[in-house]
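Peer 1: Sequence:
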Amino acid sequence: MALDPVMLEAIAPAAGIIGFTSVIGWVVTTWLKVKNGYPLENSWGKPMYPNGGGEAMERIRLISQENAQLRAELGSIKDRMAVLERIATDKPSMLAAEIDSLKTKQLN
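Residue numbering for the sequence shown follows our numbering, beginning at 192 and increasing consecutively.
Please keep in mind that the hints were generated in silico from the structure rather than gathered at the bench. A quick note: this is a predicted structure, and the numbers were derived from the prediction, not measured. Note that beta-carbon positions come from the ideal geometry of N, C-alpha and C, so glycine has one too. Heads up, a few of these hints could be off.
Simulated restraints, written as ranges between beta carbons of each label pair [claimed, not checked]:
(1) Glu246 / Gly210: 37 to 43 Å
(2) Ala288 / Glu246: 37 to 43 Å
(3) Trp235 / Ser213: 54 to 60 Å
(4) Glu246 / Trp217: 25 to 31 Å
(5) Val219 / Val197: 33 to 39 Å
(6) Gly216 / Gln256: 23 to 29 Å
(7) Thr280 / Trp222: 51 to 57 Å
Produce the complete structure using the sequences and hints provided.
Peer 2: Here's what the structure looks like:
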């Protein structure tokens, strides 16, 4: 069966548009992966992590330290919040008795 030139002329623009759109989609997808830190894939589908160099490792170290500090601060705030909740929900007479007992312990 011979290819009809008229049919090829009708199909060629659509095939060109599909091919062009596919290439643009691949480029945009790769750009978004790189921009957002996702690993690229090699031809076998295994992730390839770009070499971030020393600057990226330094940023990760600093962010990890800041994270640890913020977690410690959050723990302290949770403890304080628990004390405030206990003060707010306890009966006033119990609170006064506890304060008085603390005062006597300090004097002794």
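Peer 1: All hints, please: hold or fail.
Peer 2: A quick look at each hint next to the structure:
Restraint check, Glu246 to Gly210: a C-beta distance of roughly 38 Å satisfies the suggested window 37 to 43 Å. For Ala288 and Glu246, the Cβ-Cβ distance of about 59 Å falls outside the hinted range of 37 to 43 Å, so the restraint is violated. Evaluation of the 54 to 60 Å hint for Trp235 and Ser213 yields a failure: the beta carbon distance comes to about 21 Å. As the Cβ distance of Glu246 to Trp217 is approximately 28 Å, the hint placing it in 25 to 31 Å holds.
Roughly 35 Å separates the CB atoms of Val219 and Val197, a value that falls within the hinted 33 to 39 Å. Checked against the given bound of 23 to 29 Å, the beta carbons of Gly216 and Gln256, roughly 40 Å apart, lie outside it. In this structure the supplied range 51 to 57 Å holds for Thr280 paired with Trp222, their Cβ-Cβ distance being about 55 Å.
Checked against the numbered hints listed earlier, the structure breaks hints 2, 3 and 6; every other hint is satisfied.
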